[in-house]
Amino acid sequence: MSTHAASDAIDHHTDHTTTTGIPNKKLFMWAFLASDCMFFGTLISTHLIYRLHQTPNSPDPKKLFSMDLTLFATFVLLISSLFVALAVNASQKGSVKSVRSLLLGTIVFGLTFLSCQVFEYGNFLAEGLTPSSSMFGTTFFTLTGTHGCHVAIGVLWLTLMYIRTFKPADERPWVLRSLGHLVVFAAVAVASVTIVVSAAHAVEEHGFTAGALAHAGQHNLVLIAVALVGYAILYCLGRTRKAVDFSQANAIDIESLGLYWHFIDIVWIVIFTVVYLLEFL
Amino acid sequence: MEASSPAAHAGTETHSAPKRSWLFTRPTAKTGLVSWLTTVDHKKIGLLYGISALFFFLVGGFEALLIRIQLAVPNNTFISHQTYNEMFTMHATTMIFLAVMPLSAAFFNYIMPLQIGARDVAFPRLNGFAFWVFLVGAIILNIGWFVKSGAPDAGWFGYAPLTNKAYSDQFSGDMSTDLWIMGLQILGVSSVIGSLNFIVTIINMRAPGMTMMRLPVFTWMTLFTAFLIILSFPAITIALVELMMDRSFNTNFFEAAAGGLPILWQHLFWIFGHPEVYILILPAMGIISEILPTFSRKPLFGYPIIVFSGATIGFLGFGVWSHHMFTTGMGSVATAAFSLMTMAIAVPTGVKIFNWIGTLWGGHLQMRTPMMFALGFVWMFMFGGFSGIMHSAAPADAQQQDSYFVVAHFHYVLIGGSVFGLLAGIHYWFPLIFGRKVSEFWGKLSFWLIFIGFNVTFFPMHFLGLNGMPRRTAVYDGNMGWNDANLVATIGAFILAIGIVVYFAVMIRTYFKGEMVSIDPWDARTLEWSLPTPPPEHNYDVLPTVHARDAYWYEKTHKAEIAKEHAEHAKTESAHGGIHMPSQSWFPLLAAVGLLIGAILFVNHLFLWAIIGGGIFVLAVYFWAAEGPGGYHVHLDGDDSHGHDKH
Amino acid sequence: MSAPSPALSSGHDAPQESKFHLLVQMAMILAVMTGMEVVLVYLPLAKWIIITGLMTLLVIKFIIGIFLFMHLKWDKLFCTVLFLIGLILAGGTSAALLALFNDHDSVPLTSKDLSAITAVQTVKAV
Amino acid sequence: MSLPFTSRSILRRVASCAAVAAMPLFLGGWLNWLTGPQSTIDVAGPVAKSQLDVFYVTVWVTGIIFVLVGGVLTYATLKYKARNAADEHAPTPPQSHGNPLVELGLIAASVLALVFIAIPTLKAIWYNYDVPAAEKQNALEITATGYQWWFKFEYPSEQIDGVGPLTTANELVIPAGRAVSINLRTTDVIHSFWVPKLAGKVDMIPNRGNHLWLKADTPGYFWGQCAEYCGEDHAVMRFRVIALNAADYATWLANQKAPARSVAAPDAAALAQPISAPYTFKNPGPNAPGWSAAFDADPLASWVKQQHPDANENPVLIAKGRELFTAKTCVTCHAIRGSEGGGAPFAPDLTHIGSRSTIAAGLLENTPQNLHRWITRPHEVKPGNKMYMGVPMGGGSVMNGYMKAEEGRLVPNISVSDDEAPALVAYLLSLK
Ligand code: HEA
Ligand code: HEA
Ligand code: CUA
Ligand SMILES: [Cu+2]
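Same order as they appear, the protein sequences are chains A, B, C and D. Mapping the first sequence onto the working numbering, position 107 (from 1) lands on 107, and the numbers just tick up by one. Mapping the second sequence onto the working numbering, position 58 (from 1) lands on 339, and the numbers just tick up by one. Mapping the third sequence onto the working numbering, position 10 (from 1) lands on 938, and the numbers just tick up by one. Mapping the fourth sequence onto the working numbering, position 66 (from 1) lands on 1120, and the numbers just tick up by one.
None of these hints come from the bench; they were simulated from the model. In this text the structure is predicted, and so the values were computed from the model without any measurement. Do not rely on the hints blindly, as some may be mistaken.
What the hints assert, rightly or not - Cut-off 25 Å, straight-line C-alpha distance, at most; resulting in silico cross-link-like pairs (DSS-like, lysine-lysine):
# : chain 1 : residue 1 : chain 2 : residue 2
1 : A       : K97       : A       : K25
2 : C       : K1040     : A       : K63
3 : D       : K1458     : B       : K837
4 : C       : K975      : A       : K62
5 : D       : K1190     : D       : K1103
6 : D       : K1458     : B       : K429
7 : B       : K429      : B       : K446
Unchecked claim - What follows is a set of in silico ranges between Cβ atoms, one per label pair, in the way DEER data are often shown:
#  : chain 1 : residue 1 : chain 2 : residue 2 : range
8  : A       : P56       : D       : D1215     : 29 to 39 Å
9  : C       : Q953      : A       : A126      : 54 to 64 Å
10 : C       : V1009     : B       : H828      : 26 to 36 Å
11 : B       : A310      : D       : A1459     : 47 to 57 Å
For glycine and all other residues, C-beta sits at the position ideal for the given N, C-alpha and C.
Given only the sequences and the hints, what does the whole structure look like? Please build it.
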């Protein structure tokens, strides 16, 4: 709670204003994650229970799942997890620059993961598997969708944190600009994801050829334009040279975010094994 | 109220540098509507919880009276089947989620930080948010009364597939079940957020010297309750999500024809539901564990064991859920396992009872009203616990499940237990909170009316159950041998209602006209009583240092030592810039409003529009984060030498 | 309550540097283990061996995740305890649920294998 | 501070007077309040008996503990209570903190007490689960299916050629002294099968193959009721179980397996005559009871009487009723085997409705008055019942009943007037 200026050696593992020395935010996150264990525990159990007793019309997940895609998504999430871990590390050393790039990296990988999921959903829907078509669809979409929502919230949080690092040190009005930043960010993210997913679909259909890519590009000209303009704006917004109000003292914020992100990653590790791999036996 | 407090006439000064956008101008009103809407003071939030809870207690009680009138005589036509079903659904939902839980939360908020010697909870704005979200949930649940679809009517545990669209929605657009789902979901969010806050507060915000094994038992029970909440609510959250998916997006979770398992709902619900009943009782046990020592003038007997048994009850409580499902054909092994686990809970619970008696033993019992309610609690809870044990024997329960025997059991533990405990707590802490004391005569009169009315209402229900009367039945025939007991129960309910009315009338009168008291009217033992009444906004002028378990009792017996210590600490504290207090904020309220708008649109199946609400919510949270915790310093008039420092 | 321990501030900077490498290495180990999992699935081994293997790998990944990536190793023990309460309860609840639904009394009427089971029962009864 | 002593003693006196006054109520009530037709105490079969025995064990164990703990509590309260001003201001008692030995002893005692409960509990759980092996061979199998808001009973061992198993509704007839194994099914929501005097309940859960077993020691007539909340009419979803000795059971079976009784129709001239109803109908209003003390005096005998055709039955009315039954589209839902159409599985089989002692799911006794009331005003008897509202068939389609949905509103579809009803009543009652 202390608002005194950061002394030169901040101890990131103990907060001397609290009784136990554990920073409040960290304790809060761990308690929340304990709760989230029950959340995902019951949700995954639901899926497994329905897998245990399949209905006769149940589709064969082995035929639907794409091991390549899932594996790719898993690695993507793993790398994003590493990035966020490094971001925490960097923030504790107070290097705002590397925090920013690491956060950006996490965001990119988080979005890539979401793109994979969108892509996968698209394939499943095309194969006729919908949330209401069968029990497998119901539990699969609900489980992975809930996880995906957690990832999306995580990406939003990461983005806000990223923008937060630009908060000027003086009390200049900054909120509106930050909101603009966020909106452009969101537009770019949505546009990029859409483009990538449609490119992936094109590649899947026609093979990895220039023609396929060009075809996908043609269909998404507007989006590509939006994305390019957006990137330019983001680049400008990211060029602040002024002093910012972000220091080692904020490491705990990054760390809380990191805890959340890692946990989602770990949940995915569980999902990867019990929802995907087990079906291949 | 704050103004009348002796120490609170204080200079304040904001923390942060001057140039702030109007968006982030922190509200500073200390009285009036705005002060309540933007408050982050745990005591004000506690009062908000308390008042809402008591209001809903009356509403729930009113619904109960309608139930009792309908059942007074056989084949009654006072209300229709449909209305009756709405009544018991809403009665239970209201009593559990809108009355007892928030009333417990009121005590957690008001008393717990005082007991651990803190100035506020760990996340003050989050605390305000939890309350507003609670109110949103309460509103959503009760909208049904005012719209065409009617109030929720699927029973308080909403067994699938009765909640599926096919059965709740057969001939008309019925959104009452959607309201129920959304209301509970939102209440869950509120409870979990509040509980996370309490956990962090208790672990991290204790005054120096307040080790865990010196925590007052009420604080311990707050901690356990908070843990039960954060660990059990996720199960119902998932169940409600699945149900919501079924209703809104045509998934199959509980669609038997598509392979859905309605029994899964029961498991998920009771994985939450059984811990929930301990969520309802542990706070009351905590209150009782404060009152009995105070009025016996002795420390709590077997403190460590009481604490440990609280933890055991909480933990075991997660392993017994299927005792609500003994009649669902689980198979012998599962039934036996849950039967034995349930019985095991009697041991730690018994330990508490024994220790409370041990506390009385050899004491000087002062029979004040809170003490009467506390003793009433011990008797009635024990009685209800015994019928719980009868349920836990699965073969016997096959005859009792869904009969009035269960209704008797749970009202004994819920009213005789939770409600008695909470009513005792109101009496006990009233002088601290409002500086006035309830008249003993009227207090005791209300106690006896409630006690007698309660027993006359619910004792006969054991017989009704054993005589085969199923619960949730709007009418019964006159040839079943149930007429007398039902009539007696209805009469009892009215005695009980009179008792409650007396109780409330006395409270209101006392608030305005009651006998004024000064510090520590009961000669109590825990820290909160060292405060002036009502406590100032910053609670403690000087943060206390705790030397023993009954901290205030120790202070009273070591006056000189403590005075010296206080003086020293006061000096250091003002050298550090005075007392730091968190700033008020609009954003918790705003975020909750966003939630309300989104939820209402969602239950009307306007999914895209609901995003508006979500947007308001996200924006409010964003501003909340951007405005930062803020804060200002209070400088007590007493030590002017340190004056209004520049910061 | 807790006195500031002198060890903490001294052992501060050096481990930070090595922590970077540690984290990168851990990510690589996790990646390798994920690869192993996938390979394991396709190996011609008995089902129970594969499942045991998968679960072991899962647990190890989980532990690396929480202790190293999530810093539990360096944090106060209480954080670990706090999280484990949730984890153990969730694990226990899930296990109990699966056991309950695995019981033959719980085989749903729509189950694919119900016919198989009734067949077995009739064979036994005869 | 302290209370005026006078008012305290007045309070106490009032309280004890009330307690004394209540005593006979509770003690006398004990008997009256536990012997109803759905009593779980006054049992009539081995399953209910085993459950009752466990219950008594719990009552004894907890009762003794209650007396002991309550006694100590009372003693402590009375002994240590401050009675006067001197007590109030006495110096504080010794600040003692606890006694581990006492605690451990009490914990051990509690565990011991629980063991006493646990052993019979475990035994009974296994006993209740299924018919004992020795009786399995001889057991009768029944399939009971819950519908919103009535019960269907099928006898898989009693197949009728070209039809399937013998099917009845709302009254389950079983042989006394023989174990009955009941499969519990439902097609809509959860219901629960509960005949307190014979056995504790087991739920009927969608997509779940539950079962229970029970046995009636002697012939008798038993009340049962749905015990899981199942929607609007849960309160009036009842049924009966009739246990007969072997010979009576065989007779009953033979009669039930036969097609519906057909009363020879009189000639056309007789049919053309207007016939006045053999009774005058008085509408008793919604929720009015449908039972009579005369029936309850000896329900089994009353049931037996119901098996035989009424001596004064009027063939003209019956024939008219039979026509109406088709004309009013009752046949689309109800099966009357051997005469009108096949009916549908979601409505009670009416082949032998005249021989049942109750209608509308055990709610009303099967008398002309009550039948009349039911078929003219089903919604007053059972608001929202599916015969009135129509039966949902899944996928949003509905088999229309007395009402049908039109443009989102319910409009009348079938109506049976008070003048038409006597014919239908006569016909239905003739189906013995
Ligand atoms: C405050 C809430 C509360 C509390 C504390 C309890 C406490 C207990 N409950 Fe209760 N219960 C409910 C609220 C509560 N219950 C509700 C709301 C329902 C119904 C839900 C619904 O269907 O709507 C319910 C239903 C319910 C059922 C399901 C009944 C059914 O539907 O068929 C069962 C079954 O086992 C049960 C058992 C118990 C037991 C064993 C305890 C034990 O914790 C009690 C332990 C206490 C004692 C035993 C007394 C003191 C002990 C001693 C003096 C020691 C010595 C004693 C012995 C050795 C026996 N309860
Ligand atoms: C904490 C929980 C709690 C509390 C306090 C109560 C309190 C009461 N309950 Fe409740 N009850 C439940 C929880 C609770 N109940 C639950 C969980 C169920 C199961 C529901 C289900 O099956 O789904 C249930 C069901 C239930 C039934 C069974 C219904 C059925 O199965 O058909 C009955 C029947 O008598 C009943 C009666 C009462 C009575 C008379 C009170 C009394 O104690 C109430 C006392 C209070 C008052 C009498 C208020 C007095 C106020 C006024 C007179 C003023 C009114 C003014 C305004 C509204 C402005 N309750
Ligand atoms: Cu069927 Cu209640
Ligand atoms: Cu329970």
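Now for the hints, and whether the structure bears them out:
1. K97(A) to K25(A): 24 Å, holds
2. K1040(C) to K63(A): 18 Å, holds
3. K1458(D) to K837(B): 78 Å, violated
4. K975(C) to K62(A): 16 Å, holds
5. K1190(D) to K1103(D): 19 Å, holds
6. K1458(D) to K429(B): 20 Å, holds
7. K429(B) to K446(B): 17 Å, holds
8. P56(A) to D1215(D): 29 to 39 Å: 31 Å, holds
9. Q953(C) to A126(A): 54 to 64 Å: For A126(A) against Q953(C), whose Cβ atoms are near 40 Å apart, the range 54 to 64 Å is violated.
10. V1009(C) to H828(B): 26 to 36 Å: Because 27 Å falls inside the window, the suggested range holds.
11. A310(B) to A1459(D): 47 to 57 Å: 55 Å, holds
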